[in-house]
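Trainee: One-letter residues, chain by chain:
There are 2 protein chains.
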Amino acid sequence: MRPYEKDPGAIYAQSFATVRKEARLERFGPGMEALAIRLIHACGMVEVADRLAFSTEAYVAGHAALKAGAPILCDCEMVGAGIIRRYLPNNNRVIVTLNDATVPERAKSIGNTRSAAAVELWADQLEGAVVAIGNAPTALFHLLELLDSGAPKPAVILGFPVGFVGAAESKAELATNSRGCEFVALRGRRGGSAIASAAVNALAVGLPEEAQ
Amino acid sequence: MRPYEKDPGAIYAQSFATVRKEARLERFGPGMEALAIRLIHACGMVEVADRLAFSTEAYVAGHAALKAGAPILCDCEMVGAGIIRRYLPNNNRVIVTLNDATVPERAKSIGNTRSAAAVELWADQLEGAVVAIGNAPTALFHLLELLDSGAPKPAVILGFPVGFVGAAESKAELATNSRGCEFVALRGRRGGSAIASAAVNALAVGLPEEAQ
Numbered sequence: 277m278r279p280y281e282k283d284p285g286a287i288y289a290q291s292f293a294t295v296r297k298e299a300r301l302e303r304f305g306p307g308m309e310a311l312a313i314r315l316i317h318a319c320g321m322v323e324v325a326d327r328l329a330f331s332t333e334a335y336v337a338g339h340a341a342l343k344a345g346a347p348i349l350c351d352c353e354m355v356g357a358g359i360i361r362r363y364l365p366n367n368n369r370v371i372v373t374l375n376d377a378t379v380p381e382r383a384k385s386i387g388n389t390r391s392a393a394a395v396e397l398w399a400d401q402l403e404g405a406v407v408a409i410g411n412a413p414t415a416l417f418h419l420l421e422l423l424d425s426g427a428p429k430p431a432v433i434l435g436f437p438v439g440f441v442g443a444a445e446s447k448a449e450l451a452t453n454s455r456g457c458e459f460v461a462l463r464g465r466r467g468g469s470a471i472a473s474a475a476v477n478a479l480a481v482g483l484p485e486e487a488q
Numbered sequence: 277m278r279p280y281e282k283d284p285g286a287i288y289a290q291s292f293a294t295v296r297k298e299a300r301l302e303r304f305g306p307g308m309e310a311l312a313i314r315l316i317h318a319c320g321m322v323e324v325a326d327r328l329a330f331s332t333e334a335y336v337a338g339h340a341a342l343k344a345g346a347p348i349l350c351d352c353e354m355v356g357a358g359i360i361r362r363y364l365p366n367n368n369r370v371i372v373t374l375n376d377a378t379v380p381e382r383a384k385s386i387g388n389t390r391s392a393a394a395v396e397l398w399a400d401q402l403e404g405a406v407v408a409i410g411n412a413p414t415a416l417f418h419l420l421e422l423l424d425s426g427a428p429k430p431a432v433i434l435g436f437p438v439g440f441v442g443a444a445e446s447k448a449e450l451a452t453n454s455r456g457c458e459f460v461a462l463r464g465r466r467g468g469s470a471i472a473s474a475a476v477n478a479l480a481v482g483l484p485e486e487a488q
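Residue numbers (my numbering), protein chains in the order written: chain A, 277 to 488; chain B, 277 to 488.
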């Protein structure tokens, strides 16, 4: 077997150098640039940089919210599992309500998915929170519906649902009208929990591995 | 806001129908076809079907191992979090050793990453296991090194490390010489924990959502 790179510092350095060489990052400010690089690093595709939609203050607002202790509301366990706890600046809570015992019944009563029903359980935590959606289009759609009905506004919505039914559409809706919330979204079908977690980690600390 | 699909059954049906329409699935047998469809569903990219490398008996061997109660060895917490426990046929254990307290010291002593060191802690469980690597190229490289040194063989290696340093190379090495283990791997830089979990879920149950 051929030799391979075993030094974590060298692996990070070489990874980020490749991303910087290949990705189009010119349109991003410093915070969003770090976020774009972490996303690319999480999925192995430099071209996702070209499909990122975001509001001007998304990074600043998300970073400030985390520093102030905002909770992180995730649509599934995998997103929560990918958040690097030691990077969180204020011991922030990571909340996943998808497996709450009341969710199946609630899903039935609202005529929507379990992922959408789980979003309703965020109500008390929503104001000023960081929302990270990495799986279900219906979670993002329903969050936007709740905002339209007057639900409190999160600080930032990280929109990364994935797949073939509603993912592109829900992210397009977020990018068209984010209901007065800052947002980041990856247009199209691609997304997923690793990307959503990477966005949270970027809001928390930027790109510290590159400085090491 | 425009109406969107809220019925989980309809979402699954429409998703899988789109995948079947767009992806090239002709070269797969029934088990691998289900696995390819779950992978595509997890990442939103039909073209990954064209980059799947696999051994002929990979699906059958992996499915049989799970039925027989084999543990699932994962290289990171996110892979573990994405495995749908109710689909596992024999209450199989999901094992992640990355955060074991002994790992940092071991990484230092072997001169490799924590992900590689964590693989050494699988030794007792490795024989006949299902290995799912969704993050670290060094975990896959080091597993192959251990196999070369005579470590017990897993039933199947699901190789989905992601990124810019070693991901493509470690998967190419696995596909060239899987050391007598069955394997599935996504060639190139792409991969990740959602894809690795999807592969495990496919080995466990195939595609039951499509039949509903």
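In short, the hints are calculated from the structure, not lab data.
Don't take each hint at face value.
One copy or any two copies: either way a pair holds, since identical chains are not told apart in the list.
To be verified - The list that follows gives simulated cross-link-like pairs (lysine-lysine, DSS-like), each with its CA atoms no further than 30 Å apart:
#1 Lys282 <-> Lys429
#2 Lys429 <-> Lys297
#3 Lys282 <-> Lys384
#4 Lys343 <-> Lys429
Trainee: Does each hint hold? Answer for all of them.
Mentor: Checked hints:
Taking the shortest alpha-carbon separations for Lys282 and Lys429, only the inter-copy value of 23 Å comes in at or below 30 Å, while the best intra-copy value is 44 Å. With identical chains, the CA atoms of Lys429 and Lys297 are never at most 30 Å apart, being 37 Å at best within one copy and 39 Å at best between copies. Proximity of Lys282 to Lys384 under the C-alpha cut-off of 30 Å is restricted to the inter-copy arrangement: shortest distance 11 Å between copies versus 50 Å within a copy. For a Cα distance limit of 30 Å, the shortest separation of Lys343 from Lys429 inside one copy, 18 Å, qualifies, whereas the shortest one across copies, 47 Å, does not.
Hint compliance for this structure: hint 2 alone is broken.
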